[in-house]
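Peer 1: Listed here are the chains, written in short residue letters.
2 protein chains.
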Amino acid sequence: MAALPADIPPTLQDLLPKWAHFCLYAGRFVEEELGIDLTGRRVLVGLSGGVDSTALLLVLHYLSSRADFTVGAVHLDHQLRPESADDATFARALCERLGIDCEVETRDVARLAEERGVGLEEAGREARYALYAELRESGGWDFIALGHQLDDLSEDVLMRLIRGTGWPGLSGMAGHDPARGLIRPLLLIPKSTLKAFVTHLGVPWREDASNADPAMTRNRVRNEILPLIEKENPAFWQSVARLWRLGRVEQAFWAVLESEACEILDNSRLESLHKAQRLHLYKACLDRLGPGQALADTLFKLDEAWRDRRVGAVFQFPGDKTASVGSGNMVFASKH
Amino acid sequence: MAALPADIPPTLQDLLPKWAHFCLYAGRFVEEELGIDLTGRRVLVGLSGGVDSTALLLVLHYLSSRADFTVGAVHLDHQLRPESADDATFARALCERLGIDCEVETRDVARLAEERGVGLEEAGREARYALYAELRESGGWDFIALGHQLDDLSEDVLMRLIRGTGWPGLSGMAGHDPARGLIRPLLLIPKSTLKAFVTHLGVPWREDASNADPAMTRNRVRNEILPLIEKENPAFWQSVARLWRLGRVEQAFWAVLESEACEILDNSRLESLHKAQRLHLYKACLDRLGPGQALADTLFKLDEAWRDRRVGAVFQFPGDKTASVGSGNMVFASKH
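Going down the list, the sequences are from chains A and B.
Residue numbering for the first sequence follows this note's numbering, starting at 163 and increasing by one per position.
Residue numbering for the second sequence follows this note's numbering, starting at 163 and increasing by one per position.
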């Protein structure tokens, strides 16, 4: 395992201006685009030891010296690879060097995958997010910071397009997920910039061999489809960042309407809305009833049935949810 | 050149039920989703002789026997390939067999491309659309019908994503372009269905060798990128159709706001709007001043300047257009 450098610049002021600006850019992103003031808050970094989360730990470390918030780290050992114990050792050593508390937990992800009948990637993700939720509660952490960056966002947008996600979901993962307390401070920064930053500091990182496994959709998107797209437009990542920003604005716009979502919508209310508004509202009503993504096609059919006043028509949605056309309203229900 | 079959079913009633339904589906798409009643109208088909426009001519021919509208055809010989005269002969022969008036025009597209300093594909497209505009005027055609289908739409959505198009533009080309009188009746039908229909009728079609030319972005998207995406989701075309429908609904929603677009927007009006609404309104105001696509990034910056009341700030947009922050308003102008 590559050794940590003899010295890492201790504070933001000790960085080259270029890299200090880079850290401040990430801080401004959190403040201005995610609308979060970290002052006085406790931020736990999900530290895999890969270059992204290593960069995130460093960025937040430097920002915290200036903006007065607390940084901690958590590393989850998935026990999937022989070298995973080394990853944990690396995470501990890096945190120790930066004076950051680091919690290391271990989960037998292979066993979890088998028990739950899901893939390793999904089992790993579930285990991580469950751990984050636990620690947020027990450790009093305000936010869980994740290392997703612009290359991840590009993959995410493509995967959403391929899956058939509507708008604004198509614009990609959230920068701030209030329900789970997640923030992604590096979301609009290309991975190459993160690599350059960590490399400049002489800090090593751990490579995750599973990133190359072509059995995973995400890796095929990353290694086969994205390179072809970037050949067509080398600034594709800018397109993605732009789309993401646009998606945030429109999400905020629709959220005003969606805040009135409820289990019964009166016809008089529905009649006052444009079809686009009704579709957003239906989706919000269904989302509120629990997990399960409503398909746009079914929402379209539901709206048609309502328009035609096909009283008694019932539509099924994933997650055992239904929407029914009543004589004076639309009713949403869940079996759970 | 493959010969036309000895007989082509003359009317909709003579088709197999399956194919009659297929034609009626296209008719319903025009009526319900594009909101166009063709009764009594004159529809000119842009007939290249490829499978898409051949299918379109046949579909409209069968629908016209039932719905009482007039179908004509126009074929433009681009003089780019030795066999282009054969394409024209095929177009004439097919129309004659169906009893449809067919106009054949010739343009030296290679020369046009050179004169205008653009690629052959663009010069060809410009020549076709210029001819359509001319004939619409001189021939009293209400609509120009084009053979774009769902595979084209999938390519279009991908190309828009790659280029960085916002929403709802990202959802793909219009089914109805009122300014140019264009309609695309087959837009949500997969090319494979069109091929099956034309093949079933025993009607031959002309292959365009330029469709395989990897020097064209569109062909690389079609032949390299789309197949990888369809491997991930064989029903990707359904995703695209869904996204297109969603885009239409939201476009109609924003159009209400955009109809008030003008050269001066008072601060009081802007203050009453959500940021998402302001961005759509800015774009509509700029669009109204002439050609040239406004970049979302610049619209974001413009909105920021307005919010910060940076009076005197001027933003440049493609097409020699500007937007300036005034003391009590925002002013849009064009040098043309």
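No wet-lab data here; the hints were simulated from the structure.
Honestly, I wouldn't trust all of these hints.
It does not matter which identical chain is meant; a pair holds if it fits inside one copy or across any two.
[Claimed, not checked] Cut-off 25 Å, straight-line C-alpha distance, at most; resulting in silico cross-link-like pairs (SDA-like, lysine to any residue):
{"id": "1", "residue 1": "357", "residue 2": "470"}
{"id": "2", "residue 1": "437", "residue 2": "198"}
{"id": "3", "residue 1": "463", "residue 2": "417"}
{"id": "4", "residue 1": "393", "residue 2": "283"}
{"id": "5", "residue 1": "393", "residue 2": "281"}
Peer 1: If a hint holds in the structure, say so; if it does not, say that too.
Peer 2: Consistency of the hints with the structure:
In this assembly of identical chains, residue 357 and residue 470 lie within 25 Å of each other by CA distance neither inside one copy nor across copies; the values are 57 Å within and 35 Å between. Taking CA atoms no more than 25 Å apart as the test, residue 437 paired with residue 198 passes between copies only; the shortest distance there is 19 Å, against 33 Å inside one copy. For the identical chains of this complex, residue 463 and residue 417 are neighbours both inside a copy (23 Å) and across copies (23 Å), given an alpha-carbon limit of 25 Å. Taking the shortest alpha-carbon separations for residue 393 and residue 283, only the inter-copy value of 20 Å comes in at or below 25 Å, while the best intra-copy value is 29 Å.
Taking CA atoms no more than 25 Å apart as the test, residue 393 paired with residue 281 passes between copies only; the shortest distance there is 19 Å, against 32 Å inside one copy.
When held up to the earlier numbered hints, the structure conflicts with hint 1 and nothing else.
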